[in-house]
Each structure stands twice: as structure tokens, then as C-alpha cells.
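Peer 1: As given, the protein sequences belong to chains R and W, one line each in that order.
Here this note's numbering is used: the first residue of the first sequence is 1, the next is one more, and so on.
Here this note's numbering is used: the first residue of the second sequence is 1, the next is one more, and so on.
Read the hints as simulated data drawn from the structure, not as lab findings.
These figures come from a predicted structure and were not determined experimentally.
From the three backbone atoms N, C-alpha and C, an ideal C-beta is built for every residue, glycine too.
Fair warning: there could be bad hints in the mix.
Incomplete in silico selection of chain W near chain R, CB under 7 angstroms [to be verified]:
| id | residue |
| --- | --- |
| 1 | LYS81 |
| 2 | ALA85 |
| 3 | ALA174 |
| 4 | ARG205 |
| 5 | LEU313 |
| 6 | HIS314 |
Facing chain W, from chain R, some residues (calculated, C-beta under 8 angstroms) [as the list claims (entries may be wrong)]:
| id | residue |
| --- | --- |
| 7 | ARG91 |
| 8 | ALA174 |
| 9 | PRO181 |
Some chain W residues flagged as far from chain R (calculated, every beta-carbon gap over 10 angstroms) [claimed, not checked]:
| id | residue |
| --- | --- |
| 10 | THR2 |
| 11 | GLU44 |
| 12 | ALA113 |
| 13 | PRO120 |
| 14 | GLU249 |
| 15 | PRO255 |
| 16 | HIS295 |
| 17 | ASN371 |
Number of protein chains: 2
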Amino acid sequence: MTPRDRIAAAKTAIAARESEIGAWTHLDWDAVDAQLTDIEAILEDQRGPLWGLPVGVKDIYDTHDFPTGEGSPIYADHRPKADAACVAVLRSAGAIILGKTVTTELAYFTQGATRHPVNPAHSPGGSSSGSAAAVAAGMVPLAVGSQTAGSVCRPASFCGVVGFKPTHGLIPLAGCKSFSPTLDTAGVFARRVAEVAVMAGAMTRNDWQGTPAEQPPKIARFGGIEREAATPAALAAVDAALDGLTVGEANRAAPFDTLGDLQLRIMRFEMRRESEWEVRTAFDQLSPAYQQLMHDGEAVSPAQYAQDCTALLHAKAAIDDLFGDAEILVQPSAPGEAPLYEDGTGDPVMNRAWTLLGLPAISIPCGIGPNGLPLGLQLAARPHRDKSLLRVAAWFEQRLAVPTA
Amino acid sequence: MTPRDRIAAAKTAIAARESEIGAWTHLDWDAVDAQLTDIEAILEDQRGPLWGLPVGVKDIYDTHDFPTGEGSPIYADHRPKADAACVAVLRSAGAIILGKTVTTELAYFTQGATRHPVNPAHSPGGSSSGSAAAVAAGMVPLAVGSQTAGSVCRPASFCGVVGFKPTHGLIPLAGCKSFSPTLDTAGVFARRVAEVAVMAGAMTRNDWQGTPAEQPPKIARFGGIEREAATPAALAAVDAALDGLTVGEANRAAPFDTLGDLQLRIMRFEMRRESEWEVRTAFDQLSPAYQQLMHDGEAVSPAQYAQDCTALLHAKAAIDDLFGDAEILVQPSAPGEAPLYEDGTGDPVMNRAWTLLGLPAISIPCGIGPNGLPLGLQLAARPHRDKSLLRVAAWFEQRLAVPTA
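So here's chain R without its partners, still in its complex pose (with noise of 0.2 angstroms):
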């Protein structure tokens, strides 16, 4: 397909399903024009990995030809002067931005309007809810989006996408909105594991294309309350992909065991203090479940922020404690299956713990639950272990047959 054809394609399936699934805040067809010819006027021999593929864009990331509402109407009218550095190397690769997809208000738990791709009276879950059901339903091959506490995982598994936040900092921030600096990690959605490996790889200067690990390596279940906290539909979906493998246990003692309680302090306290200009100028316009964190933020005290990041420094110098002699920690992407709409856009109960220590991080499609929507298998690897990361996700990949359509 040429970048012309594909920019079709996008138009084709975002008419014909747009307006039941309200995946994209922004699209401008002039836009994607401008860019089209650009575009087409590289030389062959100076074409970018992602050459003419198009690509929607969380709408918390700045773009400089499209508006940047945040999800939410403090941001109603923000046209930024410029590209966040990782739109600006998408357009350096190739990429076309599409448009802007659909953000929870400013990346937290209040959902906009995108419903699931193949069930409308769910959710497709959230922050990243635009980009997930943008790629499930056809609309792009990729799209971008963030993670603070489980943003790309929990929606890539709800709407059966793959979804993968490289080690936390590699993909750079500059014009994203700050939300909790600490956590705060972008992270792609394409329907294999390669794409996202090209993707990603673009976006910090690696090469991670590969071919799939050619066997399993160790793998440990995170086990812990996370287990706990899933259904047994995504329980027995891991188990399922993990049948015949020996698979041990990660460490969850101390100081791994309340992995989900620092994340969630930390997000707090940092989410409150990086939206005082909202709460100060803007409090009203804020949803009351976003009015409720700046009221927990302020709960949580300086002395035990600092104790907070203390503890969070030492246990990501220890990481091979929790790892042992696993490469792969496994454990499924979400609780179940995605919530009905009304219910919110799900836990990130099985992602927190991860987005903390940094580790990068996939979830692929994973089998059927109950009520015929997608489970995920989520994987994790050492900080900087990317590359083997997405070979043993490959790996899995071909193993589950995941249905490339």
C-alpha cells in the first residue's frame, strides 16, 4: 500500500465506524494532507521506518497542527506552538499524524466518549481509550499513548491490541502533559508485536526488530495481590498460554509485596502537586473523581513522599530480587474482561506494579472471556531488556495464534 492508500484506508474504516466508537477528539483531513505530500516527496532511499504509516496520537501529547484538549474542557481552545519531542521523531520516521485520539480527563479515570470496539455498551478502558479502540477497530496500524499507572495495557488488553511501554524514559516526554513524572511512561498500540517493536524502536533510537525468541525463557508469575485481583477467566487464559512451560514464582517479599501502595501514593502526591494550575484557576471544571485525587494527593504527606521515593530508588536497585533467575515476569493484563461502560475504564490493579519499577511492558491478545471480549497476557523484563522483551512477546504470539485481523 502506498502512504496515499493507506491514508484512505484510515478515512474509510474512521467513516464507516467513527461514529459508533468516538475513537479521535481531532481529525483534519487538510492536516493529514499537508503531511501526505510531504510525504510522498522523500526520496526512496530516505524513507523512515514508519514511512507513510498513519498514526493517531493521545491527545495529551502537544502537536503543532492539531488542538491538544487533555480531555478536558480547561483545554478546550490550547493549540500548542509545537510537536512533543516523540510526535516530532514519528514525523522523522515517516509517520503521518492522524489525528488525536480520545484521553480519560488529563490521563486519569473520567472517560470521554470512546466506546469498545467490539461491544459499544463497554469501555475500552483508559487513559489511552482513543488509541486502543483506534487501532482494535481497523481505523490506524499504530498509535501512541502513556501509562502512569496501567494506560497501555489494561486498554490494549480490553480491546484485544497489543500495547507496549518501553523501560520508563526511554521514549522521550517533552511536550507531554506532566502528570506524575515519576510514573509517567509513553507507550505504543499496533496489532502485532512487531509493529510495535518498529514503532518503539523508532521512537528511542533502538533497533528492536527481531525474530521471535526460538524458545520459551524463564518466566516467573508475579503472583502477590495482583493474582489475587484477577478473574478466573484471565487466570486460566495465562494458564493456558503458559501450558507445558516450567514457570516459576517471583519474589514477593519485602520490599515487592506493596508495590500497588507506593505506586498509588506516589501518583497521588505527584499528580496533585503537577495540577496546581488547574486546581487553582479551574477547580470546577475538573471531574469530581479528578477533584477526589487532588484531595488525596494533599493527604499524602512531603515526609512520606520522600520515604515513598526512598523505598521506590532501593527496590529498583534490587530488581533482580524479584526476578531471580526468571527473564520474564507473566501475569495477565487486566482483572477480565473490559467493564461495561458506565462501570469506568477497569483497574490497573496488574499494571501499577510494574509501571513503578519502570519495566518495560507488553500485553497481547490472550483468548476470549466470558462476556466475548479480549483477555491480555502481559509480560514484563528487566529495565533496558526491551529487545528481549518483544522476542519472547513474538514468541507467545505465535503460540496463541493470535489472528492477525
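Since chain R is already given, all that's left is putting chain W on it; use the hints.
Peer 2: Okay, now just chain W, sitting in the frame of chain R:
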């Protein structure tokens, strides 16, 4: 002094010296008057700790009521939608944003128009050039800067004011341009330690006000290549400040022997990465020094960067080995006095390691060098020991009998 008196005094000082010093990039007395009216209306029992105090803000922090130029022609027409979180926090604490102060180009080495407040033939240092000079010239009592290598402690030292950089990550950076997220740290300038303690405390929800330490704590010289880089005058000034105290030596064995190199590689890699928009759309509007930085950043491989991130994590986790039984590390704030303006903003060699490790660090005036310009004493503590550091700095301030004006 009433807030109105303080603004009038600032206006007078600026009228008297700004043409010579050039500390400000955006002044707007109408915007100041609008804030003054709001501040005066605050009831006495609701006034924050910075009520009515004029503050200068480095021009890399977004402000809704002043342009934000980033020290670069690329951002000449940039009007942000919102305040940076730390600017909003200052306003919530009652401060009045007097204007935007000159930053070097994109907080790197190419300096703006600001001249040294004691001798205009010299540089005020960088990158927080205008903030340091404005406080030193008595234009404002308080100013905000940032430090990625040495951009708070170095200009504070050169200009003869107090510069304080809290523990990495404590002052929010939402709405501050991202240069090198592993390193970027907000910091503050004032004339006295007690003033930076009030200001930085207000910006981090901490109570850092306190009496000076009652006795000198255990101190260690930082040593290493930093010591070799200092001029005899700078070393003599520190020696005089330590006269009669028992002073040990920090442990500069590995991994603490090559911190400066580690800081340099991480900074180059990240600044290149975060600057993709500028490189992609406006490379020819970058200075030769910034263009060279972009090339230097590309020369650091992603594999090297990953290795460096891991090395930094383990160095941070082993920080007690660096300090040994000392509570406070000490070294000159800069190699010596401020260089001539045409020779640049000076060398951050004395600051790189402490920025890298995220230590709270402070520079206080410490005598006058052979050219008649200020020298600085630089102190650091373990992360999150900001209050202890400030109390020790206040002890030294008393000992050195730093003049109040």
C-alpha cells in the same frame, strides 16, 4: 513593606540598572498590577508564605500572562495556555510574578544579553542568568531557575547570591520545558538562606524554615577531579570557610569517580532526544553550540545510555558510600570567579555530579576573588535532607558574616 511598596521598589531598581544588566526578557507592568490587585484583596489570615513578594521566573517556565521564549528565536512568539505548576504554586503562596528572566538558549550554554551585576564586562553565569543577576542587583528578592548541569549554583556563586536546588523531583516541572528529565531540577535564588528556605518550602509543601544548625555537622570535601578543576582562589575561600573544623574526604572510589562523565553523556543523549522538534523544524535557528550538542547527543549510543541509566541507579542507591560518616559534602560552587562575558557562562564542572545524583545543593557567597567578583561555597546533603542542608548553610552564612546587601 506592603506588596505595593515592594513592586514600586522593584520598578525603581529595574529602571536604575536594567539597561546595564539586561536580566529581563519580558516585563509587563500591567500584568503585575493585575496580580497586585488580586494579592491585596487576600484576607490577612489567608495570605501564603510568599504574600506580596515579587519573583522573577526563568523564561523556560510557562506563564499564562507573559510570553515564554526559552531563550531561542524558535519560541519568539510563544504564549502558553497555562502556568507551569511551579509558577502556579508561587502564585498560590501569594507571590507576584514580576516578569520573565533571561535564560541561555534552551538552558544550555549560549548566553543572552544579561551582564554581571558587579562588573558588566563579565558573565553572570548560566543558564539561569537573569534570575541570578536580578536578585543580585536587588531588582527582586526571589527568583526561580533550573539546573541540569550547574545552572543554579554556578550563577548564584558568580553573582554573589544564594542559589538552592532541592532534591531532584521535589519542585514540579509540569509546564517547564524538558531538556534532560533525569537531570532537570528547579531551583531558587535569594539573598539569604532563610529566604530560599521559605520559598522552596512553599514550592514543595515542606516547612524548611528553621534556625541555623547549632554546631557544625560532619563534613567531607568532595575531592576528585572537581577539586583539580578549582582555582586556588576558590579553594582558599572554601578552606577559610572550613577553618578550624574537622573535615573528612568523600569516598570517590567507583562508582563515584566518573560522575561528571556520566552526567555529560546522559545530558547529551537526553537533550538531543527531547529537542527533536527544534532539530527537525528549526535546526538553523539553533546556535552553533546547541547544534554541536545535538551532534554530541547523537554520538551517544542507546546502548551506552541504557548502561549509564543503570549505573546511575546503582550510584544513587549507594549514596551512603559516598558520604561515609559525613552529613554534608563541600566544594567550591564554581572553579572561580565569573568569566568575561565573551568567554561564556563558565564551567559547571563543580555541579554536574551533585545534579546527577539528585542531591539537594546550595551555593552561598564565600568571599571575593582576585578580580573583585564573588566566590561561592557549595554544600550538598543526602537526598531529602533538604532541611538539614539549609540549617547547615545558615550556620555557614552566619560564620562567614555574609553582608545582607
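Peer 1: For each hint, tell me whether it holds in the structure or not.
Peer 2: A quick look at each hint next to the structure:
With its C-beta approaching chain R no nearer than about 5 angstroms, LYS81(W) sits inside the 7 angstroms limit, and its interface hint holds. Among the interface hints, the one on ALA85(W) holds; its C-beta lies about 5 angstroms from the nearest C-beta in chain R, closer than the 7 angstroms criterion. Given the 7 angstroms rule on beta carbons, the hint for ALA174(W) holds: about 4 angstroms separates it from the nearest Cβ of chain R. Restraint check, ARG205(W) versus chain R: the minimum CB separation of about 5 angstroms is within 7 angstroms; hint holds.
For LEU313(W), the interface hint holds, the least distance from its beta-carbon to any beta-carbon of chain R being 6 angstroms, beneath 7 angstroms. Satisfaction of the interface hint for HIS314(W) is found here, the shortest Cβ-Cβ separation to chain R being roughly 6 angstroms, below the 7 angstroms cut-off. With a least beta-carbon distance of about 7 angstroms to chain W, the hint placing ARG91(R) at the interface is held under the 8 angstroms criterion. About 4 angstroms separates the beta-carbon of ALA174(R) from the nearest beta-carbon of chain W, less than 8 angstroms, and the hint is met.
For PRO181(R), the interface hint holds, the least distance from its beta-carbon to any beta-carbon of chain W being 7 angstroms, beneath 8 angstroms. Residue-level check passed: THR2(W) sits 23 angstroms from the nearest beta carbon of chain R, beyond 10 angstroms. The beta carbon of GLU44(W) is kept farther than 10 angstroms from every beta carbon of chain R, the shortest such distance being approximately 20 angstroms. Non-interface status of ALA113(W) relative to chain R is upheld: no Cβ of that chain comes within 10 angstroms, the nearest being about 23 angstroms off.
Its beta-carbon lying about 33 angstroms from the closest one in chain R, PRO120(W) satisfies the requirement of being farther than 10 angstroms from that chain. With a least CB separation of 25 angstroms from chain R, GLU249(W) remains clear of the 10 angstroms interface cut-off, as annotated. The claim that PRO255(W) lies off the interface holds: its Cβ sits roughly 12 angstroms from the closest Cβ of chain R, which is beyond the 10 angstroms cut-off. No Cβ of chain R comes within 10 angstroms of the Cβ of HIS295(W); the nearest lies about 14 angstroms off, and the non-interface call holds.
With a least CB separation of 38 angstroms from chain R, ASN371(W) remains clear of the 10 angstroms interface cut-off, as annotated.
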